[in-house]
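Asker: Chains A and B supply the protein sequences, listed in that same order.
Quick note: the first sequence uses the UniProt record's numbering, first residue 1, plus one each step.
Quick note: the second sequence uses the UniProt record's numbering, first residue 1, plus one each step.
Note that these hints are calculated values from the structure, not bench results.
Check before you lean on any hint, since a few could be wrong.
Since copy identity is lost for identical chains, a pair holds within one copy or between any two.
Taking lysine-lysine and the DSBU-like style, the derived pairs with C-alpha atoms no more than 35 Å apart in a straight line are [said to hold, decoys possible]: (1) K229 with K305; (2) K188 with K226; (3) K304 with K229; (4) K267 with K237; (5) K230 with K360; (6) K267 with K230; (7) K304 with K32; (8) K32 with K305; (9) K267 with K32; (10) K226 with K305; (11) K230 with K188.
Predicted model only: the values in this text are computed from it and were never measured.
2 protein chains.
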Amino acid sequence: MRDVAIIGVGATKFGDLWENSFRSIGIEAGMKAIADANLSGREIDGLYIGNMSAGRFINQKHIDALIADYSGMATNHISAVRVEAGGASGGVAFGQAVMAVASGLHNTVLVGGAEKMTDQDDVSINTAMDETADSEWEAGMGLTLVSLYAMIARRMIYEGTATREEIASVAVNSHFHGALNEGAQFRKEVPLETVLRSGPVADPLGMFDCAPISDGAAAVVLCPLKEAKKHTDSYVKVSAFAQGSDTLALSQRPDITRFGATVAASKRAYEMAGITPADISVAEIHDDFSVAGIMALQDLGFCKKGEAGKVFLSGQTKVGAGKLAVNTSGGLKARGYPIGAAGVAQIVEIATQLRGKADKRQVANARYGLAQSVGGTGSAVTVSILEAV
Amino acid sequence: MRDVAIIGVGATKFGDLWENSFRSIGIEAGMKAIADANLSGREIDGLYIGNMSAGRFINQKHIDALIADYSGMATNHISAVRVEAGGASGGVAFGQAVMAVASGLHNTVLVGGAEKMTDQDDVSINTAMDETADSEWEAGMGLTLVSLYAMIARRMIYEGTATREEIASVAVNSHFHGALNEGAQFRKEVPLETVLRSGPVADPLGMFDCAPISDGAAAVVLCPLKEAKKHTDSYVKVSAFAQGSDTLALSQRPDITRFGATVAASKRAYEMAGITPADISVAEIHDDFSVAGIMALQDLGFCKKGEAGKVFLSGQTKVGAGKLAVNTSGGLKARGYPIGAAGVAQIVEIATQLRGKADKRQVANARYGLAQSVGGTGSAVTVSILEAV
Chain A
1 MRDVAIIGVG
11 ATKFGDLWEN
21 SFRSIGIEAG
31 MKAIADANLS
41 GREIDGLYIG
51 NMSAGRFINQ
61 KHIDALIADY
71 SGMATNHISA
81 VRVEAGGASG
91 GVAFGQAVMA
101 VASGLHNTVL
111 VGGAEKMTDQ
121 DDVSINTAMD
131 ETADSEWEAG
141 MGLTLVSLYA
151 MIARRMIYEG
161 TATREEIASV
171 AVNSHFHGAL
181 NEGAQFRKEV
191 PLETVLRSGP
201 VADPLGMFDC
211 APISDGAAAV
221 VLCPLKEAKK
231 HTDSYVKVSA
241 FAQGSDTLAL
251 SQRPDITRFG
261 ATVAASKRAY
271 EMAGITPADI
281 SVAEIHDDFS
291 VAGIMALQDL
301 GFCKKGEAGK
311 VFLSGQTKVG
321 AGKLAVNTSG
331 GLKARGYPIG
341 AAGVAQIVEI
351 ATQLRGKADK
361 RQVANARYGL
371 AQSVGGTGSA
381 VTVSILEAV
Chain B
1 MRDVAIIGVG
11 ATKFGDLWEN
21 SFRSIGIEAG
31 MKAIADANLS
41 GREIDGLYIG
51 NMSAGRFINQ
61 KHIDALIADY
71 SGMATNHISA
81 VRVEAGGASG
91 GVAFGQAVMA
101 VASGLHNTVL
111 VGGAEKMTDQ
121 DDVSINTAMD
131 ETADSEWEAG
141 MGLTLVSLYA
151 MIARRMIYEG
161 TATREEIASV
171 AVNSHFHGAL
181 NEGAQFRKEV
191 PLETVLRSGP
201 VADPLGMFDC
211 APISDGAAAV
221 VLCPLKEAKK
231 HTDSYVKVSA
241 FAQGSDTLAL
251 SQRPDITRFG
261 ATVAASKRAY
271 EMAGITPADI
281 SVAEIHDDFS
291 VAGIMALQDL
301 GFCKKGEAGK
311 VFLSGQTKVG
321 AGKLAVNTSG
331 GLKARGYPIG
341 AAGVAQIVEI
351 ATQLRGKADK
361 RQVANARYGL
371 AQSVGGTGSA
381 VTVSILEAV
C-alpha cells in the first residue's frame, strides 16, 4: 500500500449561492484544488464525488459523469465514482480516493463533495435528511433527524453526562471560529444565551443547535506521497483513513449517547497512524447538531464520557486556548452544511491548518489533524488523520 | 497491489419478488455468497453496495448502513460503502471492492447490488431512469432514456452499420440463454419476429428491445488471491478492472453509435490483464436496450463497426455456437434488470462460468470472461476481466 499525500485543496464559499448552479460550484471547487496542486485537469486520472441528494433535489443522478463532463475530464474518459452515505458522503468519497491512490489503480485523483440545498423547499430538504435515518422504523413513523438527535441530548441530560448549557456551547465554539473564516456561511460570534434562547426545533435543541441549510462544494487533490514534492512544496500526508458502520435505527443501539462507529473507526485510524488522541492538535468534527459535538469528542477518545461538555463550555476548544482546537473552520454549524461537501471541506480545513495557511484561525505547531464525518445518527462514520510533513 | 480472487457468489431469482422487501433480497444474496465462500459474516471486514434509487423508491438512502445492519455486520462496525452510477452502480461497486482488497485496506469484502422496482409506479421508475441522463439538457427537455437509445438505433440504421433485424437479434440471443437459467425473470425463447412486432416504445425500439423492470439482488465475496485456497477450491482471479466516463449528454459526443467510455475502459482492462479480446470466451454485456448490445460487441473490440449485428443475427453468440458466448445468464433483457444489482449479477455469471458451474448454459474450456456495465447512455462504463485458475 502506497503512502498518499494531499497536494491541493479548494472550496467555494458556503452559504446561499443562488447565482450558481450545482454544476458550477462543483467545478469551481475542483478547479481551485487542481490549480492549488499546480496541475492541469489532464493530469487527473481518477475522480471521486460525495453527494447526498442531487437525485431528489435536481433530478440528477450519475453525478460522477456530470462532474467529469463539466470539468472537461470526460474527454479523457477518466474513471469517475460517486458515493453516498448521508452526511458522511464526502468523508466516504475521500476514503475511496485515498484507497484508489494507495492501491496503485490511480495516481492523481481529484475528490470533491457538493450539495445545492438553499433553493429547495422545506419538504424536499427534510425528506432528504430523514432518508438517512431508517425509513421503515424511524422516518416512516414520523421521526425526523433532528428529533433523533434531540432524544440523544435529552438522554445525556437525564444521565447527567452533559447539561443544556454544555450542549449549547458546541455551537458557540463553532461560531467563534466561523467569524474568523472568510469562506463561512455565518461570520458572527454567538453568545451562549442566544443559543439557549433560540426558537425550539426539537426540544431541547433550538435553531442555534442545528447546522444550517447551505450550498457549497469542496475538493482536494491526492497523489502518491513519493511524488508530492514534484508538484508542490506544501503538501500533507494522509496518515490514516478508517470507516465504521452501525445499526441504521438509533433504537437498536445499547447506548444512544455514544456512536460505536466513531469509536471503532477512530481506534482503527489511530492504530494505522501509530498515534494516540493526545497527538492531535486540530480536529474537525461533525456538529450537524450541537449534541453530536459532545459525542464526537468523547467517542474519538479526546476525553471521557461526561467531560466533553465541560471542555466546550470552558472555551478550551477555541484556537490558541488549549491543546486541541476544534472546528476551526466554523464546523458544520457556522461554516455551513452543504451535506455532500461537508466531509471534504473538513479535509480542506485540516490540510490548510497543517500547511500553516489558516490565517487568523491558525493553530500553532500542529503536526497531526483529524476529521470525523457522520451519516444519519452515526450509522456511517469516517475518521481521517492527516500529518504535516 | 495485491491480486484479488472471487471466492463466493450468490443471487436471488430476478423478477417480480412481491413477497420480499428491499432489505430481505439484499440479505438473501449476501448470505448465499458468504455461505458459498465457506465463511461466516464475522470474517467480512468491508461491505460495498451498488444501488441506484432506493432514495426515490423507498425513501431510503444510506443503504450502506442498512445492509450492514440487517446482515448483522454493523455489530462489528465494519466499513460499508454505497456507490451509485446509474445502471453501472453494481459494476462500480465491484470495482471499488476490488480496490479495497488490492490496496490492503480490507481483506475479505462482500460486494452486493440490489434494486426493488416492480412495486413502483411508472412515473417513479421512469423518473429514476431518466435521472441517469442529463437532467438539464436531456431529461428536462422531455427526452427519456429509451428515446436516447432509439436515436442511437436510428442513426446506426441510417449509417448502415446495423439493420433493424440485427438490432432485434440481440434480444433473441438473451432470451435463448434466459430459457436455460433458472434464476432468470423470462425463461422463454423469443423468435426474431416477436421482437420486431412487439409494441413500439420509442421507434425503432419495441417492447422486446427493452430490458424489463425487475426486483433482485446479487453478491460476491472477494479476498486476496493468495488466501483464496484457504477458503475454497473453486475460486476465480480478478485479472482486471477499469472504468471510463463520458459526457453526460449524448448530444455532446462526436459519434453517438459508439461509447468512448467502453472503448477506453476495455483498452485499460485488456492491458491490465495482459490479453486481447480474442482471449475472452464468455462475456456479459449491458443490453438494457438491444441496440446497446451491438455497440458493446464493437466497442469492446470483439468485432469491427458494422459487424456486431451480423454476429448476433447469425447465432454465433449462443453458448456452444462460436468462440464467444454472450449473455449466457440471459442478460439484462431476459435474466432481468434490477438496476443496482445488474453489474454484480454479471460478475456472478462470469465467475459461475469460469468455475464450471453454469449447468445447461456452460461454456466449454473458458479461461477468461468479461463483464461490461453501463450507466446512462455510456456516461459511466466498467469493464471487469475474470480468469479461471
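Asker: Decide, hint by hint, whether the structure agrees.
Answerer: Results of checking the hints against the structure:
Taking the shortest alpha-carbon separations for K229 and K305, neither the intra-copy value of 42 Å nor the inter-copy value of 45 Å comes in at or below 35 Å. Taking identical chains as interchangeable, the C-alpha atoms of K188 and K226 are never at most 35 Å apart, the minima being 41 Å within one chain and 57 Å between chains. Taking CA atoms no more than 35 Å apart as the test, K304 paired with K229 passes in neither setting, with 40 Å inside one copy and 45 Å between copies. Taking CA atoms no more than 35 Å apart as the test, K267 paired with K237 passes in both settings, with 19 Å inside one copy and 33 Å between copies.
Taking the shortest Cα distances, K230 and K360 sit within 35 Å of each other inside one copy (29 Å), while across copies they are farther apart (56 Å). Proximity of K267 and K230 under a CA criterion of 35 Å is satisfied in both settings, with 33 Å inside one chain copy and 29 Å between copies. For the identical chains of this complex, K304 and K32 are neighbours neither inside a copy (40 Å) nor across copies (42 Å), given an alpha-carbon limit of 35 Å. Taking CA atoms no more than 35 Å apart as the test, K32 paired with K305 passes in neither setting, with 40 Å inside one copy and 41 Å between copies.
Within a single copy, K267 and K32 get their C-alpha atoms as close as 33 Å, and across copies as close as 31 Å, so both meet the 35 Å cut-off. In this assembly of identical chains, the alpha carbons of K226 and K305 never lie at most 35 Å apart, being 40 Å within a copy and 43 Å across copies at closest. Neither within a single protomer nor between protomers do K230 and K188 lie at most 35 Å apart by alpha-carbon distance, with minima of 40 Å and 60 Å respectively.
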